[in-house]
Amino acid sequence: MTNSFGEFDRAKMFFVIGSNMTEAHPVASTFLKNAVKNGAKLIVADPRKHKLVNYADLHLRLKVGSDIALLNALMNVIIEEKLFDPAFVSENTEGFEALSEEVSRATPEAMAPICGIDAETIREAARMLASVSPAMLCYTLGITEHTCGKNNVMTVANLQMLLGNMGVECGGVNPLRGQNNVQGACDMGALPGIFHGYQKVGDPAARKKFEEAWGVTDLPEKPGLMMPEMMEGLEDKKVRAFWIFGENLANTEPDIHKVEHELASAEFLICQDIFLNETTKFAHVVLPAAAWSENDGTFTNSERRVSRVRTASTPPGVAKPNWWIFKEIAKRFGHEWPANSAQEIWDDEVAALAPNFKGITYDRIENDGLQWPCPSTDHPGTVFLHKGGQFTHGKGVFNITNWTPPAEIADAEYPLVLSTGRRLYHYHTRTQTGRCEGLNDLLGEETCDISPTDARRLGIQPQETVRVSSRRGTVEVTARITPEIPEGMVWMAFHFRETNANWLTNAAYDPETLTAEYKACAVKVEKM
Amino acid sequence: MSDGTISINGKAYPFKPDQTILEVATEAGISIPTLCHLKGTTPTGACRLCVVEVKGARNLLTSCSTPAASGMEVNTDSPAVTQSRKMTLELLLSSGNHDCLNEGSGTDTKVLFDARAEIDGHSDHLCPSWGECKLQEYALAYGATGTKYPRAKPAYPPEVNNPLIIRDFSRCILCGRCVQACNEVQVNEAISYGYRGSESKIVALGDLPLFQSACVFCGECVQACPTGALVDKKSKGKWRPWDVETIRTTCPYCGVGCQQSLHVKDGRIVKVTGVEEGLPNKGRLCVKGRFGYDFIYSDERLTTPLIRENGELREASWDEALDLVADKLKEIIGESGPDALAGVSCARSINEDSYQMQKLFRGVFKTNNIDHCART
Ligand code: SF4
Ligand code: SF4
Ligand code: SF4
Ligand code: FES
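Protein sequence lines correspond, in order, to chains C and X.
Each residue of the first sequence is one higher than the one before, counting from 3 in the working numbering.
Each residue of the second sequence is one higher than the one before, counting from 2 in the working numbering.
Just chain X, same shape as in the assembly:
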């Protein structure tokens, strides 16, 4: 069979040149587990979780890095594949501090979490990525427990002294997604693989803490990390995936207009990530977009209208403040005409606000003295 199609699990699929087996399968709706693969970047083949059986090949092949070829017969789910994946997962689990699995207590991460929290009395030290960790998810799916091999001692202590980002090397599976995210996606070129063998570590230039390196704290690596090795410091411990809702919105800072997912718990934003595939940013954010949200909860926010009296601002009701504004503006229009009024709108606020303000000035006050800082 060599007709420009590839057979996956007994069905033929067309493919485009340069597509990998993983890409063809994904398009066809066949899911293959992956850990190290980061869409749009060069495949590294580091984790070997995505292996598939290809007829005629001596070994299982990593689907993320093997190009589809005409006439190829692929099985994504054979006993050998499942066996290999389970083994891979066991090895990864034992490589570090992956203590989130209890034998025989089901596959619901919330149930698992609650059970563990009860045993331990408190949940603060449990992995911050519990419930949204790819390694945990696949381990549960493949029945890997992390008990098959002795657990390795962490080679490096966690790095907790950075602003915004915690690096817990004891949970790093060296998949390299952060390295790809930093170098190939954001092109900040701050981190790379360092050392060898059991000493292996993802390092910032010269193995410095992130805040002393070229890192610009975009957090792309945090978003890419499949485990609890890279953690958003601000949101750590404030939420678990089962108690948040996700709301899509637009970044309030620069004119790129990145699309953000706000992770909201009890009406409070606890974390921000980029909307994967969303335009224009395709999942990417910068430091302000990802970490610049908590100003809205500042206790210095204005909570009530204020009116100046004897040189001091005092609290007032809406009616009092709005009546004062309206009366004063009427008085000035009466005496000096509408062009004695002027206003500047806000280039940070929503369109609808600017529309209303210019409508008020033009349609109600009858002046075109409306502008904003269009020029900065």
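The following block holds chain C by itself, in its conformation from the complex:
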């Protein structure tokens, strides 16, 4: 997020796109609802009529995967009617001419059939959005989990730059991160092309710095494989050993049949986890780890805030902290790592070796955490980025994007679009929430959420078990008939094994980020 949760309840305008916040980020949504109660305006763009829509001034019920068409049409109106921020655009951005030329073709009339929203509503939305400045734009995986995910993200940024909503309090582009520490895992360099703190492996100076700090030579300069490439590498034996730390890939990745085939092909699979799960079935070695409250450490939330995690109980049996396991393997390769606690790792290495984290030390985050960038120990942390329109690399660049359809679209054989996500009462594959008293009582099974119109057409009764199939698999699941879902679409989550949406999802990826298209694939629903 460029901005912070603390700004939510003061903001005056929100544009929420592809984010079912009340279920996926419940507490964030409470601050947003507080703002709405205080008079803020809210535009929600989402195929589903989820709970936040009850608070919206306008619901743009776009078709799955048509985000770029909608966003470009909004920009078309904003430029056409001169509703943008000319000062911000001229002083702080580059590429406005190219953008206007491109979106001049994306008229509301031209985009209306693609996104399923009539031209007048698109105009109304553009005017409403531009009427209040600044506006906070929030999105979640509805934007990124598409084959055009990266383009979606750039288009969202284009819109906010055009409106001059960047670098200001209560504005910005705000991706709410799905998992508690997905921000932190990125920040820590668990990515193929960067060391921690976003220092590039291709940069000789960065490599030199880490070679000196770690006492090693020849750090590799070529960016490594991304996860889907690793999995494919298992099959063609380019990857012979695969170490899975804390992920249940056999349930979370698209197309479970394909994933399990890949995992089964692994010559040597190491799983480091807190439970046996569907993925450990394929493991050659399983390493038992300390869980959440059995560790001292830090998490970094969506707003870049590094907060403490503390030990409240001891791990079961001989389970050990994950950092200890990695250190022990390093030792067996002849490397003695000095740090012997999470605090030493953070203070002596993470903070010391990355300018963004330099000012964050454990003694400063005893209570509230600090938000990076935090370059020195007297720096208060950064609540919102790009202050005064100063972008990391000079000016903000408008990147031109064009709408492209999802990789698999509904057809005669598979006439419905399946979109997927998380539900309130569970988390991912339920390895944790499924073992918490009470949560299974609140949600004990998966459902296939379907519109009343489609249910009627198919003769499906409430709570009836139906068969949902895609080109990749079939599940039998209870139908939940609800007006939340538009005609032509069904929606499922991946919390339960047998009825996991990932038996059906399509392993098609954004060409650059390799994010899978969890949000759209073609299915059919049949009575049993």
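Hints should not be assumed to be uniformly reliable.
What the hints assert, rightly or not - With a Cα cut of at most 16 Å, we get these calculated EDC-like pairs of lysine to aspartate or glutamate:
| no. | chain 1 | residue 1 | chain 2 | residue 2 |
| --- | --- | --- | --- | --- |
| 1 | C | K239 | X | E310 |
| 2 | C | K53 | X | E190 |
| 3 | C | K283 | X | E310 |
| 4 | C | K283 | X | E316 |
| 5 | X | K331 | C | E330 |
| 6 | C | K14 | C | E82 |
| 7 | X | K40 | X | E54 |
| 8 | C | K333 | X | E24 |
| 9 | X | K111 | X | D244 |
| 10 | C | K239 | X | E332 |
| 11 | C | K224 | X | E316 |
Bear in mind the hints are in silico, worked out from the structure with no lab data behind them.
Start from chain C and add chain X with the ligands according to the hints.
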């Protein structure tokens, strides 16, 4: 005296427009007892415990809902105030099943509790909020005993069939904090005041049990309830306030990163609440953050390293497992180079773990084949 200050107990204090007497007093470090007031929400004036004497006013005024005004002279502690508060407390105590006070046995809730548990033989049925109940705390402070008026018969049986939350209407003082928490803080809009007079009750839509209503089990109401009327089912009876320590930590679920207080007894988490004022969540939690902690105690946890042998996983020591991993990885690096290794880190675990894993892959194995599910 009309110089932009308010006088409280004889001392002048500046105040900001729209501040209430309670807010000015709190800022000045003067404590006024409150029951119904929930910070950040519209004052309801329901309990009248926060009354103060204001010079020139005919009646005592509720400080939580009375704006501070220039030249106002306030006494937070006059005999009339104390008298009124004690009376309020007596009335509240007699309105329901508030049997936690014994005349003349001091004000230490643990001592009181132990004495009662001894008389009754067991402590299970004693109020689950004993020792952390605001009503009990103030009753003890003001010497109210709950014996002055006859105790009212409960109008409604407790609601015990919900997951996670017990509603014991016999201990509800109708302060309305839960209603404020649900509607103004979390904006879940699941509960409201229902019925009238002695039938009054906090109801979920149409007076249904919570699990059949719009309630999303965030538990904000439980955290807001000053008495034993709303109880965390999972932790009921597992602890008393004097035998827990509180540890601040960060929620392990979504990317909001809510700050939690873990209430820990003998090395075991018995309850989770939001850290009031803590950033980013300012005390709020959702159902997963508040109630999703006990997976760590599952007896299905992995307790020892496992090695696959003849198709089955068998138990192994750390040395055996780590040696096997190291040897196998060395062998593969030797034969096929470091890029034949790949790893994914965990987006749920702490930063320090991800840092170590990428350091291992880059600095020790010499491959950049390290990733995590950054995209889900
Ligand atoms: S648990 Fe949450 S949603 Fe349910 S009544 Fe309480 S505050 Fe409202
Ligand atoms: S349930 Fe608790 S918070 Fe709600 S009105 Fe009753 S005493 Fe007050
Ligand atoms: S309490 Fe709920 S909203 Fe807050 S971090 Fe945890 S899962 Fe997210
Ligand atoms: S706290 Fe002021 S009336 Fe209850």
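Now for the hints, and whether the structure bears them out:
1. C:K239 x X:E310: violated, 22 Å
2. C:K53 x X:E190: Holds, at roughly 12 Å.
3. C:K283 x X:E310: The hint holds at about 13 Å.
4. C:K283 x X:E316: holds, 15 Å
5. X:K331 x C:E330: Roughly 14 Å between the alpha carbons, so the hint for K331 of chain X and E330 of chain C holds.
6. C:K14 x C:E82: violated, 24 Å
7. X:K40 x X:E54: violated, 22 Å
8. C:K333 x X:E24: violated, 58 Å
9. X:K111 x X:D244: Distance of about 10 Å is within 16 Å: holds.
10. C:K239 x X:E332: Satisfied, since the Cα-Cα distance of roughly 15 Å is no more than 16 Å.
11. C:K224 x X:E316: Violated - the C-alpha atoms of E316 of chain X and K224 of chain C are around 38 Å apart, more than 16 Å.
Against the hints set out earlier in the document, violations occur for numbers 1, 6, 7, 8, 11.
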